[in-house]
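Chemist: One-letter residues, chain by chain:
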Amino acid sequence: MQETDKEIEAVEVIDKGELDTVEEKTIVRFPTRKQSQTSSGSYATYILLPAVFLTVTLLGGLRLGAVDNAFLFLKPALICLVFAALTFVLFVRSRMITIEGWISEDRPMLENAGNIAVLLTLFTATVQLYNSLLPEQGLTFWVIGFCFFWTIWNNLFADFDPKRLLRSMIALFGLAFVVKYLVLANITAAPTGSWWQRLFENPGKEAFTWLLELPQYSAGTGYIQFFALSFYLIGLYLLPRQPRQ
Amino acid sequence: MKEKYIHISSLLITIVGFVFIGFLYVSEPRTLAEVATKSQVAIGTYEINKEEFGRGLAAFRAEDYGGARLAFERADPEKRDPATQFYIAYSFYRQGWGRVSNDDALFQSGLAASDRVLAIDPNFRTSDGSLGIKTATELKTEFEDGLKITPSDFNPFKLTRERK
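Just so you know, the protein sequences line up as chains G and A, in that order. Just so you know, the first sequence maps onto residues 1 to 245 in the numbering used here. Just so you know, the second sequence maps onto residues 1 to 164 in the numbering used here.
The hints are simulated quantities; they were obtained by calculation from the structure and are not laboratory data. Hints are supplied without guarantee of correctness; some may be wrong.
[To be verified] Counterexamples of contact, computed for chain A against chain G with all Cβ distances above 10 Å:
#1 Asn49
#2 Glu138
#3 Leu147
[Unchecked claim] Derived lysine to any residue pairs resembling SDA-like cross-links, with alpha carbons at most 25 Å apart:
#4 Lys4/A x Ile99/G
#5 Lys4/A x Tyr43/G
#6 Lys4/A x Gly65/G
#7 Lys75/G x Leu11/A
#8 Lys75/G x Leu24/A
#9 Lys38/A x Thr55/G
#10 Lys75/G x Lys4/A
#11 Lys164/A x Ala112/A
#12 Lys4/A x Met109/G
#13 Lys38/A x Gly65/G
#14 Lys75/G x Pro29/A
#15 Lys79/A x Asn69/G
#16 Lys4/A x Gly101/G
#17 Lys4/A x Ser40/G
#18 Lys75/G x Glu34/A
#19 Lys75/G x Thr37/A
#20 Lys75/G x Ala33/A
#21 Lys38/A x Ile99/G
#22 Lys2/A x Phe71/G
#23 Lys79/A x Gly101/G
#24 Lys38/A x Leu64/G
#25 Lys4/A x Ile103/G
#26 Lys75/G x Ala42/A
#27 Lys4/A x Ala51/G
#28 Lys75/G x Gly17/A
#29 Lys4/A x Asn69/G
#30 Lys75/G x Gly22/A
#31 Lys75/G x Ala85/G
#32 Lys75/G x Val41/A
#33 Lys2/A x Ala85/G
#34 Lys4/A x Pro108/G
What you are looking at is a predicted structure, and each value in this text was computed from that prediction instead of being measured. Glycine included, C-beta positions come from ideal geometry on N, C-alpha and C.
Hey, can you work out the whole structure from these sequences and the hints?
Modeler: Following this line, the structure appears as structure tokens:
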């Protein structure tokens, strides 16, 4: 997490001896070069982060067809919105983001709008990440969905700091990725040949595919979703608790 | 850059991003080429491929209706041009028409194509003088009549009728 508090900048300045004390009031002179640092932080917050989260929003629902590698854009299920909303509450509870730091009456409307835009991209990226990691249908959808719900619900009542929450998120999403795109993808039968041919050649995979209603996608889907997950976690890492003022 | 401009850029990136992503998830293109075509439709610059249309027309006049349809479909992949869709429907009519009985499968496809023409332009009228049927409504009626079995179908004088 990026530290944005002014106190830290003040401490740096104190070290350089640019501190005056006038009638028990401390005046801190911020050097002019700090302005460029603020700008680079603003670039990361207002330009890079929305771009990263929008990329996740785009890729999260993208699958590649098993036969022709055609794009398949899957809209998120309602439960993904619920999970994303709960995750957002978790971010706020753990102080990973402070709502009053992002949206405030004291700030200009344009700045508030920019901040809301960043938070909105974070929310949609979270929705699409759940869309990516939840199996599309069948028993696995309910089992993994329940696991997500259980974990988020438990986390809601635990004491977290931002770093621990980030580690917890990496563990949760990483495990879900492994389950869906490595384990389940490997027990899904490829849609080549006739049904009888597939049944004789690989009865186990065919049975799992049929029983668990596993969708058949091209191997490229896993790679796309790996990048989506990586971008999301990078975005979370870069996300400041509150934007620099 | 001033903070104000950074905020404006952020808003613009977000709005453009959401519009683009929304467009993709609504239009569901299956290939990158379809992304380009559907984008042209969305911004109103979509045009049919004139060369393919010309090839389709040549095949149509040479009574190669299957080849004509393939060319017309390449010319109008988004199925948005009433003239091209009318020719597709007409090719189904001519290929499916029979003096004794019609090909129901081709007529069904033709009916769907004529419905597409009516959906795009209900008042469409072709300017091609070589076609006996001028409007999509007339073509649709031909398909519907051809698909029905009525007592008049057993009228021996029907054998003298001509394809339009």
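Chemist: None of the hints should be skipped; say for each whether it holds.
Modeler: Okay, the hints, checked on the actual structure:
Every beta carbon of chain G lies more than 10 Å from that of Asn49/A, the smallest distance being close to 21 Å; the non-interface claim holds. With a least beta-carbon separation of about 37 Å from chain G, Glu138/A lies farther than 10 Å from that chain, consistent with its non-interface assignment. Even its closest Cβ contact with chain G, about 33 Å, leaves Leu147/A beyond 10 Å, as expected for a residue assigned away from the interface. Under the criterion of a C-alpha separation no larger than 25 Å, the hint pairing Lys4/A with Ile99/G is consistent with the structure, at around 21 Å.
The straight-line distance between the Cα atoms of Lys4/A and Tyr43/G is roughly 12 Å, inside the 25 Å bound, and the hint therefore holds. Taking the CA atoms of Lys4/A and Gly65/G, the gap is near 44 Å; set against the 25 Å cutoff, the hint is violated. A distance of roughly 24 Å separates the Cα atoms of Lys75/G and Leu11/A; the hinted pair therefore holds under the 25 Å criterion. Pair hint Lys75/G plus Leu24/A holds up; C-alpha atoms about 11 Å apart against a cutoff of 25 Å.
The hinted pair formed by Lys38/A and Thr55/G meets the criterion: a straight-line CA distance of about 20 Å does not exceed 25 Å. Taking the CA atoms of Lys75/G and Lys4/A, the gap is near 34 Å; set against the 25 Å cutoff, the hint is violated. For the given pair, Lys164/A sits about 19 Å from Ala112/A by alpha-carbon distance, which is consistent with the 25 Å threshold. A distance of roughly 10 Å separates the Cα atoms of Lys4/A and Met109/G; the hinted pair therefore holds under the 25 Å criterion.
Among the hinted pairs, Lys38/A with Gly65/G is consistent with the structure: their alpha-carbon atoms are about 19 Å apart, no more than 25 Å. Proposed proximity of Lys75/G and Pro29/A is supported: the alpha carbons are some 14 Å apart, at most 25 Å. Note on Lys79/A and Asn69/G: the hinted pairing holds, with a Cα-Cα distance of about 23 Å set against a maximum of 25 Å. For the given pair, Lys4/A sits about 18 Å from Gly101/G by alpha-carbon distance, which is consistent with the 25 Å threshold.
For the proposed pair Lys4/A and Ser40/G, the alpha carbon gap of about 14 Å is at most 25 Å, so the pair holds. About 19 Å separates the Cα atoms of Lys75/G and Glu34/A, which keeps this hinted pair within 25 Å; it holds. Proximity of Lys75/G to Thr37/A is assessed by CA-CA distance (about 21 Å); at most 25 Å being required, the pair is judged to hold. Simply put, Lys75/G and Ala33/A have alpha-carbon atoms about 21 Å apart, close enough for the 25 Å limit, and the pair holds.
Pair hint Lys38/A plus Ile99/G does not hold up; C-alpha atoms about 39 Å apart against a cutoff of 25 Å. About 40 Å separates the Cα atoms of Lys2/A and Phe71/G, which puts this hinted pair outside 25 Å; it is violated. The hinted pair formed by Lys79/A and Gly101/G fails the criterion: a straight-line CA distance of about 51 Å is larger than 25 Å. Taken as a hint, the Lys38/A and Leu64/G pair is honoured in the structure, with Cα atoms around 19 Å apart against an allowance of 25 Å.
Between Lys4/A and Ile103/G, the direct Cα distance comes to roughly 16 Å. Compliance with the 25 Å bound is thereby established for this hinted pair. A hinted pair counts as satisfied when its Cα atoms are at most 25 Å apart, and Lys75/G with Ala42/A qualifies at roughly 20 Å. Among the hinted pairs, Lys4/A with Ala51/G is consistent with the structure: their alpha-carbon atoms are about 18 Å apart, no more than 25 Å. Note on Lys75/G and Gly17/A: the hinted pairing holds, with a Cα-Cα distance of about 16 Å set against a maximum of 25 Å.
The suggested pairing of Lys4/A with Asn69/G is violated, with an alpha-carbon distance near 43 Å, which exceeds 25 Å. Among the hinted pairs, Lys75/G with Gly22/A is consistent with the structure: their alpha-carbon atoms are about 10 Å apart, no more than 25 Å. Note on Lys75/G and Ala85/G: the hinted pairing holds, with a Cα-Cα distance of about 17 Å set against a maximum of 25 Å. Proposed proximity of Lys75/G and Val41/A is supported: the alpha carbons are some 22 Å apart, at most 25 Å.
Proximity of Lys2/A to Ala85/G is assessed by CA-CA distance (about 33 Å); at most 25 Å being required, the pair is judged violated. Proximity of Lys4/A to Pro108/G is assessed by CA-CA distance (about 10 Å); at most 25 Å being required, the pair is judged to hold.
Going through the hint list in order, the structure does not satisfy hints 6, 10, 21, 22, 23, 29, 33.
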